[in-house]
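A.B. asks: Order-wise, the sequence lines are chains A and B. Per our numbering, residue 1 is the first one in the first sequence, and the count goes up by one each step. Per our numbering, residue 1001 is the first one in the second sequence, and the count goes up by one each step.
Hints in this document: simulated from the structure, not taken from any laboratory. Honestly, I wouldn't trust all of these hints.
Once the Cα atoms are required to be at most 30 Å apart in a straight line, the calculated DSS-like pairs of lysine-lysine come out as [unchecked claim]:
| # | chain 1 | residue 1 | chain 2 | residue 2 |
| --- | --- | --- | --- | --- |
| 1 | B | Lys-1042 | A | Lys-62 |
| 2 | B | Lys-1068 | B | Lys-1049 |
| 3 | A | Lys-15 | B | Lys-1042 |
| 4 | B | Lys-1068 | A | Lys-83 |
| 5 | A | Lys-44 | B | Lys-1058 |
| 6 | A | Lys-71 | B | Lys-1058 |
| 7 | A | Lys-78 | B | Lys-1042 |
| 8 | A | Lys-44 | B | Lys-1042 |
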Amino acid sequence: EAGVAQSPRYKIIEKRQSVAFWCNPISGHATLYWYQQILGQGPKLLIQFQNNGVVDDSQLPKDRFSAERLKGVDSTLKIQPAKLEDSAVYLCASRRGQNTEAFFGQGTRLTVV
Amino acid sequence: AQSVTQLDSHVSVSEGTPVLLRCNYSSSYSPSLFWYVQHPNKGLQLLLKYTSAATLVKGINGFEAEFKKSETSFHLTKPSAHMSDAAEYFCVVRSNDYKLSFGAGTTVTVRA
């Protein structure tokens, strides 16, 4: 089965610009996560979707970050405006159901200059 | 709330020698625990998982981990390191609502 697809793989933007990341989870996976991984740290959960509903966005900086999963399949994560400290790898993961493992995409490496 | 602490930020071993990566967890309930590996420019890959069955869990590539409730530990081991084991390893705890909390990671280097 195809894995979690993310695009773009790399993105360089200037601070105060906007950027969007896209994730296509594994077919049939109801749960989708976005994680932020800053260099040298473990991934940190930004938002968790169950189908098209948000389960947890408590760690999402809502003044600049937004995410949606309108049809319960693909998801986009947007940053507007970007700050230097947003430089990180943004990971998308999906899971089929309860007690199943999460599968991760290769991530999008964002550099804000 | 749950959390994990990886006790070593960096481990260096010689090829063919044992690898030990230490992880302690904190959880208010019986946890599900995982080890993931991340090779450079690759996605996270599941090595193994503990979900309240056998306390000694075998994973891929010769890795195994033992769940010790009394010590709140879930250490990862491999009897003989290979050059391809050089990577970043993450210990992860899963909450009842299926959120994953990652440790800070342990970088493994393997010397020839």
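A.B. asks: Does each hint hold? Answer for all of them.
C.D. replies: Checked hints:
no. : hint                     : result
1   : B:Lys-1042 to A:Lys-62   : 28 Å, holds
2   : B:Lys-1068 to B:Lys-1049 : 14 Å, holds
3   : A:Lys-15 to B:Lys-1042   : 26 Å, holds
4   : B:Lys-1068 to A:Lys-83   : 42 Å, violated
5   : A:Lys-44 to B:Lys-1058   : 26 Å, holds
6   : A:Lys-71 to B:Lys-1058   : 38 Å, violated
7   : A:Lys-78 to B:Lys-1042   : 22 Å, holds
8   : A:Lys-44 to B:Lys-1042   : 17 Å, holds
In this structure, the earlier hints numbered 4, 6 are contradicted, and the remaining ones agree with it.
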